[in-house]
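Listed below are the residues making up each chain.
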Amino acid sequence: MGLEYVRISPGFEKYMPKDYVDLVQYGQFGKEIDVQQLGQFKELVEEHPMCAGCFMAYFVRVFYASLPKPEDTIVIGTAGCARLALSQAAVPFIYGNYGDTNAVASGLKRALSIRFPDKEKDVVVIAGDGGLIDIGFGMTMHSWFRREKFTTIMVDNEVYGNTGGQESGMSPRGVQLKMAPKGKQFDKINAVELAKVAGCVYVAKLAPTNPKRIAKTVRRAILAARHFGPTFIHAYTSCNIEYSIPTEKVLEDARKREKQDFGFYEWMTDEVKEFFEELERKPEEVKA
Amino acid sequence: MYYVADVKESDCAKYNCKQCVLFCPEPNTLMYHDSKHVAWVNYSRCKGCAICVYVCSDLLKRNCIEMVMVTTGD
Ligand SMILES: Cc1ncc(C[n+]2csc(CCOP(=O)(O)OP(=O)(O)O)c2C)c(N)n1
Ligand code: SF4
Ligand code: SF4
Ligand code: SF4
Ligand SMILES: [Mg+2]
Numbered sequence: 001m002g003l004e005y006v007r008i009s010p011g012f013e014k015y016m017p018k019d020y021v022d023l024v025q026y027g028q029f030g031k032e033i034d035v036q037q038l039g040q041f042k043e044l045v046e047e048h049p050m051c052a053g054c055f056m057a058y059f060v061r062v063f064y065a066s067l068p069k070p071e072d073t074i075v076i077g078t079a080g081c082a083r084l085a086l087s088q089a090a091v092p093f094i095y096g097n098y099g100d101t102n103a104v105a106s107g108l109k110r111a112l113s114i115r116f117p118d119k120e121k122d123v124v125v126i127a128g129d130g131g132l133i134d135i136g137f138g139m140t141m142h143s144w145f146r147r148e149k150f151t152t153i154m155v156d157n158e159v160y161g162n163t164g165g166q167e168s169g170m171s172p173r174g175v176q177l178k179m180a181p182k183g184k185q186f187d188k189i190n191a192v193e194l195a196k197v198a199g200c201v202y203v204a205k206l207a208p209t210n211p212k213r214i215a216k217t218v219r220r221a222i223l224a225a226r227h228f229g230p231t232f233i234h235a236y237t238s239c240n241i242e243y244s245i246p247t248e249k250v251l252e253d254a255r256k257r258e259k260q261d262f263g264f265y266e267w268m269t270d271e272v273k274e275f276f277e278e279l280e281r282k283p284e285e286v287k288a
Numbered sequence: 001m002y003y004v005a006d007v008k009e010s011d012c013a014k015y016n017c018k019q020c021v022l023f024c025p026e027p028n029t030l031m032y033h034d035s036k037h038v039a040w041v042n043y044s045r046c047k048g049c050a051i052c053v054y055v056c057s058d059l060l061k062r063n064c065i066e067m068v069m070v071t072t073g074d
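Protein chains in written order, with the numbering used here: chain A, 1 to 288; chain L, 1 to 74.
These are calculated hints, taken from the structure and not from any lab test.
Among the clues, some could well be false.
[To be verified] Listed below are the simulated SDA-like cross-link pairs for lysine to any residue, each with C-alpha atoms no more than 20 Å apart in a straight line:
#	chain 1	residue 1	chain 2	residue 2
1	A	42	L	36
2	A	249	L	59
3	A	212	L	60
4	A	256	L	36
5	A	259	L	58
6	A	212	L	31
7	A	249	L	36
8	A	256	L	1
9	A	212	L	43
10	L	18	A	259
11	L	61	A	40
12	L	36	A	26
13	L	36	A	259
14	A	42	L	43
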């Protein structure tokens, strides 16, 4: 896209839908938005059909508010719940066939760097645990082995939510689901360690209990992918339907899981660490 | 009829807070008024999950949001 595509041609404001005009006037394009300003600007993502109280939907909301450059970002999703909201945003969205997201993103990122050699174009895959670590496992791993420069975010609800409750490699051992009535027989896959071994330069794991931290993590993952190599975020995003969590307890559940097994974790290569130390140094220090 | 969150404006105005706004799963729904310093709900977008009530009542003990039934057109 780029900002010139976002702007409304003079004289056409009154013919454009109100939500679009609001987006251009009070939205994120061309501005540095702080996630703490949520509720005070027009968000990129619009109404969508994800369930009431869904924390995957919450993560998607905060994700869009965290983009460093929405006008130069392309989001790739696939079958699974997240795309229901991902596709309802003013950011180009590509639907990769189930399991193929990281292959599609690899080609897209390479094509963008050939077509726009002097521009920064960010590519982000957001897909479920089933899409990335079960059915898309090979594509995911190989994009990391090849050191493709884009971000992969796994929205892990520990189940195939969109198809009614099959177990995934990310479901915890012992958990009983509608279509896993005997309880899962194997351990939850350690996706973060796999990402490190496979060549990611920045890896993080979190539960969505702190919007500021989500924003910082998303931003870092995108910037590190822009300059260095593949990056990965493993986010716990509960499915209140398949795990029967009353909606008003969804945040309480995320806080509980954060204490149990989703404590914030961040790892990066020395090169990336140096980059962020330089970039995030307080402006006064940089001037001095 | 459907179930939505409703902010008790005069109670919320005491706090200069905004925490519930940062945890609503829905975009452009639970908003914050810049000059009045109160949260407010765009009823037609609210899905009635009550996560905002958990934030305001259970976590912060401020009790400024309640869930109410509204009829279309309210
Ligand atoms: C190639 C292919 N196989 C299977 C499906 C059916 N399908 C749709 S969503 C889904 C599972 C989604 O689980 P996950 O990726 O964890 O996402 P969630 O819905 O839990 O967010 C499956 C198997 C499909 N759409 N395409
Ligand atoms: S099925 Fe689960 S993950 Fe999917 S939208 Fe509903 S609550 Fe969210
Ligand atoms: S959490 Fe309660 S006090 Fe704080 S802004 Fe929301 S309604 Fe107001
Ligand atoms: S009930 Fe849920 S959707 Fe409605 S304003 Fe509160 S947090 Fe948002
Ligand atoms: Mg899933």
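Hint check:
1. Under the criterion of a C-alpha separation no larger than 20 Å, the hint pairing residue 42 of chain A with residue 36 of chain L is consistent with the structure, at around 18 Å.
2. For the given pair, residue 249 of chain A sits about 11 Å from residue 59 of chain L by alpha-carbon distance, which is consistent with the 20 Å threshold.
3. With a C-alpha separation of about 18 Å, the suggested pair residue 212 of chain A and residue 60 of chain L falls inside the 20 Å cut-off, and the hint holds.
4. At roughly 34 Å between alpha-carbon atoms, residue 256 of chain A and residue 36 of chain L are farther apart than 20 Å, so this suggested pair is violated.
5. Between residue 259 of chain A and residue 58 of chain L the alpha-carbon distance is near 18 Å, which keeps this suggested pair within the 20 Å criterion.
6. Using a Cα cut-off of 20 Å, the hinted pair residue 212 of chain A and residue 31 of chain L holds, with the two alpha carbons roughly 17 Å apart.
7. Between residue 249 of chain A and residue 36 of chain L the CA atoms are separated by roughly 29 Å; this puts the pair beyond 20 Å, and the hint is violated.
8. Only pairs whose Cα atoms come within 20 Å are accepted, and residue 256 of chain A paired with residue 1 of chain L is rejected, the gap being roughly 34 Å.
9. Restraint check: the Cα-Cα separation between residue 212 of chain A and residue 43 of chain L comes to about 26 Å, which exceeds 20 Å; the hinted pair is violated.
10. Using a Cα cut-off of 20 Å, the hinted pair residue 18 of chain L and residue 259 of chain A is violated, with the two alpha carbons roughly 24 Å apart.
11. Only pairs whose Cα atoms come within 20 Å are accepted, and residue 61 of chain L paired with residue 40 of chain A is rejected, the gap being roughly 24 Å.
12. A distance of roughly 18 Å separates the Cα atoms of residue 36 of chain L and residue 26 of chain A; the hinted pair therefore holds under the 20 Å criterion.
13. This hinted pair does not check out: residue 36 of chain L and residue 259 of chain A have alpha carbons roughly 36 Å apart, beyond 20 Å.
14. Straight-line distance between C-alpha atoms of residue 42 of chain A and residue 43 of chain L comes to about 16 Å, which keeps the hinted pair within the 20 Å bound.
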